[in-house]
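**Student:** Following the hints, position chain B against chain A.
What follows is each chain in one-letter form.
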Amino acid sequence: MLSAESLKRIDREIAKFPGDQKQSAVIAALAIAQDEKGWLATETMDFVAQYLGMPPIAVYEVASFYNMYNLEPGGRHKLTVCTNLPCALSGGADAAEHLKHRLGVGFNETTADGRVTLKQGECMGACGDAPVLLVNNKRMCSNMSREKLDQLLAELK
Amino acid sequence: MLDYGPDAILMKGLDGTNWHLKDYEARGGYGALKKVLGEKMTADAVIAEVKKSGLRGRGGAGFPAGLKWSFMPKQYTGPKYLVCNTDEGEPGTFKDRDIIRYNPHMLIEGMIIAAYAMGTAVGYNYIHGEIWAEYTLFEQALDEARAAGYLGENILGSGFAFQLHAVHGWGAYICGEETGLLESIEGKKGQPRFKPPFPASFGLYGKPTTINNTETFAAVPWIINNGGDAFLALGKPNNGGTKLFSVSGHVNRPGNYEVRLGTPFATLLEMAGGMRGGRKIKAVIPGGSSAPVLPGHIMMQTDLDYDSIAKAGSMLGSGAVIVMDETTCMVRALERLSYFYFEESCGQCTPCREGTGWMYRMVHRIEHGKGRQEDLDLLTNVADNIAGRTICALGDAAALPVKSFLNHFREEFQYHVDNKRCMVSEPGGYFTAAAGTEKAA
Numbered sequence: 000m001l002s003a004e005s006l007k008r009i010d011r012e013i014a015k016f017p018g019d020q021k022q023s024a025v026i027a028a029l030a031i032a033q034d035e036k037g038w039l040a041t042e043t044m045d046f047v048a049q050y051l052g053m054p055p056i057a058v059y060e061v062a063s064f065y066n067m068y069n070l071e072p073g074g075r076h077k078l079t080v081c082t083n084l085p086c087a088l089s090g091g092a093d094a095a096e097h098l099k100h101r102l103g104v105g106f107n108e109t110t111a112d113g114r115v116t117l118k119q120g121e122c123m124g125a126c127g128d129a130p131v132l133l134v135n136n137k138r139m140c141s142n143m144s145r146e147k148l149d150q151l152l153a154e155l156k
Numbered sequence: 000m001l002d003y004g005p006d007a008i009l010m011k012g013l014d015g016t017n018w019h020l021k022d023y024e025a026r027g028g029y030g031a032l033k034k035v036l037g038e039k040m041t042a043d044a045v046i047a048e049v050k051k052s053g054l055r056g057r058g059g060a061g062f063p064a065g066l067k068w069s070f071m072p073k074q075y076t077g078p079k080y081l082v083c084n085t086d087e088g089e090p091g092t093f094k095d096r097d098i099i100r101y102n103p104h105m106l107i108e109g110m111i112i113a114a115y116a117m118g119t120a121v122g123y124n125y126i127h128g129e130i131w132a133e134y135t136l137f138e139q140a141l142d143e144a145r146a147a148g149y150l151g152e153n154i155l156g157s158g159f160a161f162q163l164h165a166v167h168g169w170g171a172y173i174c175g176e177e178t179g180l181l182e183s184i185e186g187k188k189g190q191p192r193f194k195p196p197f198p199a200s201f202g203l204y205g206k207p208t209t210i211n212n213t214e215t216f217a218a219v220p221w222i223i224n225n226g227g228d229a230f231l232a233l234g235k236p237n238n239g240g241t242k243l244f245s246v247s248g249h250v251n252r253p254g255n256y257e258v259r260l261g262t263p264f265a266t267l268l269e270m271a272g273g274m275r276g277g278r279k280i281k282a283v284i285p286g287g288s289s290a291p292v293l294p295g296h297i298m299m300q301t302d303l304d305y306d307s308i309a310k311a312g313s314m315l316g317s318g319a320v321i322v323m324d325e326t327t328c329m330v331r332a333l334e335r336l337s338y339f340y341f342e343e344s345c346g347q348c349t350p351c352r353e354g355t356g357w358m359y360r361m362v363h364r365i366e367h368g369k370g371r372q373e374d375l376d377l378l379t380n381v382a383d384n385i386a387g388r389t390i391c392a393l394g395d396a397a398a399l400p401v402k403s404f405l406n407h408f409r410e411e412f413q414y415h416v417d418n419k420r421c422m423v424s425e426p427g428g429y430f431t432a433a434a435g436t437e438k439a440a
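Chains A and B supply the protein sequences, listed in that same order.
Numbering that gives the first Met the number 0 puts the first residue of the first sequence at 0, with every later residue one more than the last.
Numbering that gives the first Met the number 0 puts the first residue of the second sequence at 0, with every later residue one more than the last.
Looking at chain A on its own, in the form it has when it is part of the complex:
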């Protein structure tokens, strides 16, 4: 259900915890599963549950609680832009408006060509670099002026 590479990464996470606490690896395991699949379908979560010896409902609870999991299919790239107050004071809200305008979508929407899903983010702990955004959860882009936003969009195929 998940690739050997993903399982190897999950096993590495499991090894960080006491032998009887495999469930502790679920947050990382779901992130790894999402890396491979793009989003968390029920059967993917069920597989993770089985792999970690957890009831499936306990995995669904985690997947729906933490907001960086994709519970439905989205665009090829997910852009999450922080609009919280410290960022907004330095252009974060303007950056979000610029992206909405350029992409022709609102928050939680995907462009018609399936290229980009736009999300509003909460604090990413990088307020000094505002405007900041995340590409697919893992790549942080800092000091995103309009020019840099346009460059980024041109780069995302």
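Think of the hints as simulated: they come from the structure by calculation, not from any bench.
Each hint should be verified, as a subset may be incorrect.
Straight-line alpha carbon distances no greater than 27 Å define the calculated DSS-like cross-link-like pairs of lysine-lysine that follow [unchecked claim]:
#	chain 1	residue 1	chain 2	residue 2
1	B	K188	A	K118
2	B	K187	A	K118
3	B	K50	B	K21
4	B	K50	B	K194
**Tutor:** Positioned in the frame of chain A, the structure of chain B alone reads:
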């Protein structure tokens, strides 16, 4: 070279690339651990030094670190845990990220010494999910420390064993609350636990656990090397040491600055390049978004330490200083903060789950010209009925901004209600754009 200011002791000599073990050792790193193990300092002696230093929790609550360490049961023979809270998501705070990416071994050394003092064999550093690059860098630093024998079964031949692992969250502000964080490490929703019991008696996996903020652990090697008295002397009584302040908002050079506790806010503002565009300061949230906002003129006369900021009517919190100039609409600012607490409430306690949404909807309609006169008092009433009535402090954190914004800037809210528009900016206008800012550390 990264410049955290002339008082920097923790973030000194860093250039963004010299985070590796060999660089840290060249700066004298792991000397404190060698001192503790080499001189066979007792656990009590280490804790006494930390108590003497006046080091208070750098994550927000400001609880004396040495005292917290002394709560760990000494006679307990089963597993005990040490946890570091790098789940830095308090709006305005971005200091711990710099520690783990620019000086990760300082944190690792601090945690090893803490583990020694409390007799814990296993530790976890829980890192904010949004900073993936820093998480992977910290894992590399852990590998370096293991390879050099600073972590493992028989550390530097002393017989002392300590394993340290990095784990990450995946987007939940509430996991910065210490018991929510423990639930998260256990692989659950990060819903905080009722206290007592406190983590020192019932923590991770139900075992005795001590949780400190990243910056708190990071200060420990300096304290051991130079003595608790020297650390205390850097600050002022009851407020020992230097502290990293994350300055954001309408300043010319947003960034992190390390200053002695007790430094005037005006000095920090100057270090951050002063007000953007030379505009007038209007308001400051001095300790992260959960701390009460203060008018700029009060802040300009306040020193940056736990007791002075408390006396001025707010909290030092995490040291996140959010600066707002005269162009800022305080209704709109509060609307965004209220949305944050509504979005991040874990849903466990009714007053917070329902109240944060209620407050957001009220501020939203005031901002959008649909406010009612009775909303102003109702907002305070709802805030009062959340504060103190929830399991964790997120309820208080949501209530304090509402109460303080209304307390200090009520006339702006009244103007919105009366005139259906803002008194400081164009309707639907956004916050001042970032044009022309320079970058600091």
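**Student:** For each hint, tell me whether it holds in the structure or not.
**Tutor:** Checked hints:
no. : hint            : result
1   : B/K188 - A/K118 : holds, 22 Å
2   : B/K187 - A/K118 : holds, 24 Å
3   : B/K50 - B/K21   : violated, 30 Å
4   : B/K50 - B/K194  : holds, 24 Å
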